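Chains A and B, in that order, give the protein sequences. Here the numbering used here is used: the first residue of the first sequence is 1, the next is one more, and so on. Here the numbering used here is used: the first residue of the second sequence is 1, the next is one more, and so on.
Keep in mind that the hints were calculated from the coordinates and are not lab data. Please note that the accuracy of each hint is not assured.
[As the list claims (entries may be wrong)] Calculated Cβ distances over 10 Å to all of chain A for the following chain B residues:
#1 THR11
#2 LEU53
#3 GLU313
[Stated by the list, open to error] Coverage of chain A stretches by chain B, computed from C-beta distances (three or more under 8 Å per stretch; other residues unrestricted):
#4 13 to 24
#5 223 to 230
[Unchecked claim] A short list of chain B residues far from chain A (calculated; beta carbon distances all over 10 Å):
#6 PRO38
#7 SER69
#8 GLU73
#9 ARG76
#10 ILE79
#11 TYR81
#12 GLY126
#13 TRP175
#14 GLY216
#15 LEU244
#16 SER258
#17 ASP290
#18 CYS292
#19 PRO294
Note that the coordinates shown come from a computational prediction; the quantities given were computed from them, not determined experimentally. Note that the Cβ used here is the ideal one computed from N, Cα and C, for glycine as well.
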Amino acid sequence: MSALRGFRAVFYKEMLHARRDRLAIVFALMMPLMQMVILGTAIDTNVRQVPTVVFDASGANQRDGTALLGTQASRAFIDRLRNTDTYRVYRYVDSDDALNQEMVAGRARVAIKIPLTFARDLLAGRQAQVLVMVDGSDSAVAGQALNVATQVGLDESLKRMLPEGVKPVIDVRPKLMFNPDSRSPNFFLPGLMTVLLLFVTTMLTAFSIVREKERGTLEQLLVTPARPLGIMLGKIMPYFALGLVELVVILLFMRFAFSVPMHGNPLLLVCLTTGYLFVNLTIGLLISTRANSQTEALQLGMMSILPSIFLSGYIFPRDTMPLLFYGMSYLVPATYMVDIARGVILRGAGLAELWGDALVLAVMGLVILLLAARRFQRMIV
Amino acid sequence: MSAAIVAQHLTRRFGDFTAVDDVSFEVAQGEIFGFLGPNGSGKTVTIKMLTGLLPPSAGTAFIDGLDVSREAEAVRSRIGYMSQKFGLYDDLTALENLRFYGMAYGLSGTHLGARIDSALERNALGPYRDRLAGRLSGGWRQRLALACAMIHAPRILYLDEPTAGIDPVARRQLWDLLFELSAQGITFFVTTHYMDEAERCTHLAYLYYGRLIADGTPENLSRLPEVTPAGTRRYGVSTANAGLARRIAAAVPGIRSSTIFGRSVHLLVDADVDIDAILAALRRGGVTVDECRPLVPSLEDVFVELTERRQREIEGGA
Numbered sequence: 001m002s003a004l005r006g007f008r009a010v011f012y013k014e015m016l017h018a019r020r021d022r023l024a025i026v027f028a029l030m031m032p033l034m035q036m037v038i039l040g041t042a043i044d045t046n047v048r049q050v051p052t053v054v055f056d057a058s059g060a061n062q063r064d065g066t067a068l069l070g071t072q073a074s075r076a077f078i079d080r081l082r083n084t085d086t087y088r089v090y091r092y093v094d095s096d097d098a099l100n101q102e103m104v105a106g107r108a109r110v111a112i113k114i115p116l117t118f119a120r121d122l123l124a125g126r127q128a129q130v131l132v133m134v135d136g137s138d139s140a141v142a143g144q145a146l147n148v149a150t151q152v153g154l155d156e157s158l159k160r161m162l163p164e165g166v167k168p169v170i171d172v173r174p175k176l177m178f179n180p181d182s183r184s185p186n187f188f189l190p191g192l193m194t195v196l197l198l199f200v201t202t203m204l205t206a207f208s209i210v211r212e213k214e215r216g217t218l219e220q221l222l223v224t225p226a227r228p229l230g231i232m233l234g235k236i237m238p239y240f241a242l243g244l245v246e247l248v249v250i251l252l253f254m255r256f257a258f259s260v261p262m263h264g265n266p267l268l269l270v271c272l273t274t275g276y277l278f279v280n281l282t283i284g285l286l287i288s289t290r291a292n293s294q295t296e297a298l299q300l301g302m303m304s305i306l307p308s309i310f311l312s313g314y315i316f317p318r319d320t321m322p323l324l325f326y327g328m329s330y331l332v333p334a335t336y337m338v339d340i341a342r343g344v345i346l347r348g349a350g351l352a353e354l355w356g357d358a359l360v361l362a363v364m365g366l367v368i369l370l371l372a373a374r375r376f377q378r379m380i381v
Numbered sequence: 001m002s003a004a005i006v007a008q009h010l011t012r013r014f015g016d017f018t019a020v021d022d023v024s025f026e027v028a029q030g031e032i033f034g035f036l037g038p039n040g041s042g043k044t045v046t047i048k049m050l051t052g053l054l055p056p057s058a059g060t061a062f063i064d065g066l067d068v069s070r071e072a073e074a075v076r077s078r079i080g081y082m083s084q085k086f087g088l089y090d091d092l093t094a095l096e097n098l099r100f101y102g103m104a105y106g107l108s109g110t111h112l113g114a115r116i117d118s119a120l121e122r123n124a125l126g127p128y129r130d131r132l133a134g135r136l137s138g139g140w141r142q143r144l145a146l147a148c149a150m151i152h153a154p155r156i157l158y159l160d161e162p163t164a165g166i167d168p169v170a171r172r173q174l175w176d177l178l179f180e181l182s183a184q185g186i187t188f189f190v191t192t193h194y195m196d197e198a199e200r201c202t203h204l205a206y207l208y209y210g211r212l213i214a215d216g217t218p219e220n221l222s223r224l225p226e227v228t229p230a231g232t233r234r235y236g237v238s239t240a241n242a243g244l245a246r247r248i249a250a251a252v253p254g255i256r257s258s259t260i261f262g263r264s265v266h267l268l269v270d271a272d273v274d275i276d277a278i279l280a281a282l283r284r285g286g287v288t289v290d291e292c293r294p295l296v297p298s299l300e301d302v303f304v305e306l307t308e309r310r311q312r313e314i315e316g317g318a
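Model the full assembly from the supplied sequences, consistent with the hints where possible.
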């Protein structure tokens, strides 16, 4: 127990700091929620309702008044494209120039031109052509827009080629597991939870020791019989509690504000997350023992957080990373937490599947805590 | 009874730089030990070694007969330390600072409460108990810092420049308190730049670039043969134009050194030089001498003289 001497005193003091600095605490709690609301509602990785402009020249010789009406065949084809929910036709134009102009101006991401002979060719059994131009500046949107258009064309062709009542030979039945509606919040929020907790816990502790160094209270603390481990744990605990509160709030938000289903046991998730909180808090401490000023602590904190975000698989899938980065992702605590969060929340995974992640986090936390305590002891000089 | 503080050949090196070089001294219980020296001479490093904050590169420090490196735990509860920056948490109240340090020293319950009450009372901090430390003025901050450093009733207190930046009244009050406490047997280790504070110490040591160059009571130091070497005497010459007097005196043979102190010039003179001859030389140069009297060297004379001697040694050795 003597290694933990000073824990009670430091805990008492840190709670007072937290109480005096309510603004920082409220900020620390509210910021993640705001980010969550923004990301949860604004970001939809599914490509839907792409603004589309159409030049339907089909059967232009059957002109009625001034507007081009197209033919029954061309209108049916356009409707099929619209029904995919991928395209939102916001305007019909009546020249190639106007079509181009919409694309150049950036108002349209997709431009569809149906040529004069479309209906006539179909009727005659010739190959009819449709021009689909896609703005390639956003690759996700472009890819999806092209795929859907090709798919619709292929479907339509098959339907016309096969005799009535004959089905295609192979029927692929895709089933999207764990996130059947492929809702973005379901995928994003469990990962986001990981990142938000990372920010709160790392940054709060990153300042805690270096602040004492700057204020000159550190030496005073070090001449007391309080031991490094006791001081460190005393500093961690209030923020640990704060992290837990944050976790619960995030989970409630996720479940009830964003209707992300909880397939696993929420209690298990909270338990496993404590390990993750612990690791981040110790990383914060380690940063704090290294930094010479709070500014430096902030920079070091960002240096540790950003790679975590990118390597954890929260944004970019880890499976497609180059080998080096894939290997590095194993060193990032957030990687294990993203797996735990998605596992419990989306896949309904239990301890049997996730104990490995939890173990790694626990070991990381202990090792880093000891490193920080050692480093702390040497800081005095 | 063993001495309160013993430094034996304490040495601390940082890379090639030797901050404290083979320093030895003893401080008896109940002494007010003044530790003096220019900035950067190694005073704070010495304190850190004596408190166990910093392991010495060589040598040993003992507190109440306990080896600081080996029995750090026992030593820590015996000593209190007030750093230059006071070590107060500005966003905690006076009471909370006291309670925190009390807890850090392992006090709890009614014992802690009693210690806090007596600390508040002794330092007259009662009216400020619920004020944030950051809102206290210099003198009160220093009192609170001292109260915090003493919350666990240490027998030995290190005060690193305790009066830097506080007003004369608060300084006077602090010293009154130190005398009172030292009468109760508490030992003080005080660093300061103020000569009047040095005069109040019962024991002085002077550190110059890591080397201890003086150690003794103020009286002993004033009588050091190095300060007033055999065959020399000191005089104080009062005059309205001390600058001119010093320039003239510097050219008179037999005058070893001359230093201006306000409206007077302190002269260190070979004993065989006739003081009247010097006064005559001054008058010839146009200096009106108001008074001339033999002088016991002040502590400032002592330290200036010792510093110059040491500097000559360093330069001579190099």
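Evaluation of the provided hints:
Look at B/THR11: its CB is around 15 Å from the nearest CB on chain A, clear of 10 Å, so calling it non-interface holds up. Consistency note on B/LEU53: stated as away from chain A, yet its beta-carbon is not over 10 Å from all of that chain's, at 5 Å minimum. At roughly 29 Å, the least C-beta separation between B/GLU313 and chain A is larger than 10 Å, which holds for a residue marked as non-interface. With a cut-off of 8 Å between beta carbons, the stretch 13 to 24 of chain A has 5 residues touching chain B; three or more are needed, and the interface restraint holds.
Residues of the stretch 223 to 230 of chain A lying with their CB closer than 8 Å to a CB of chain B number 4, which satisfies the three-residue condition for coverage. Once the 10 Å rule is applied to beta carbons, B/PRO38 is consistent with being away from chain A; the minimum gap is 21 Å. With a minimum CB-CB distance of about 13 Å to chain A, B/SER69 clears the 10 Å threshold, and the non-interface call stands. Not every C-beta of chain A lies more than 10 Å from that of B/GLU73, the closest at about 6 Å, which undercuts listing it as non-interface.
For B/ARG76, the non-interface assignment is contradicted: its Cβ lies about 5 Å from the closest Cβ of chain A, within the 10 Å cut-off. A beta-carbon of chain A is positioned within 10 Å of the beta-carbon of B/ILE79; the least distance is around 7 Å. A beta-carbon of chain A comes within 10 Å of the beta-carbon of B/TYR81; the shortest separation is about 4 Å. At the 10 Å boundary, the C-beta of B/GLY126 stays outside the reach of chain A, the nearest C-beta of that chain being 20 Å off.
Residue placement check: B/TRP175 keeps its beta carbon more than 10 Å from all beta carbons of chain A (closest about 22 Å). Separation of B/GLY216 from chain A is adequate, the least Cβ-Cβ distance of about 28 Å exceeding the 10 Å criterion. For B/LEU244, the non-interface assignment is confirmed: its Cβ lies about 46 Å from the closest Cβ of chain A, beyond the 10 Å cut-off. Against chain A, the non-interface label of B/SER258 holds: every CB pair exceeds 10 Å, the least being about 41 Å.
Every C-beta of chain A lies more than 10 Å from that of B/ASP290, the closest at about 48 Å, which supports listing it as non-interface. For B/CYS292, the shortest C-beta to C-beta distance to chain A comes to about 49 Å, beyond the 10 Å cut-off, and the non-interface label holds. The beta carbon of B/PRO294 is kept farther than 10 Å from every beta carbon of chain A, the shortest such distance being approximately 46 Å.
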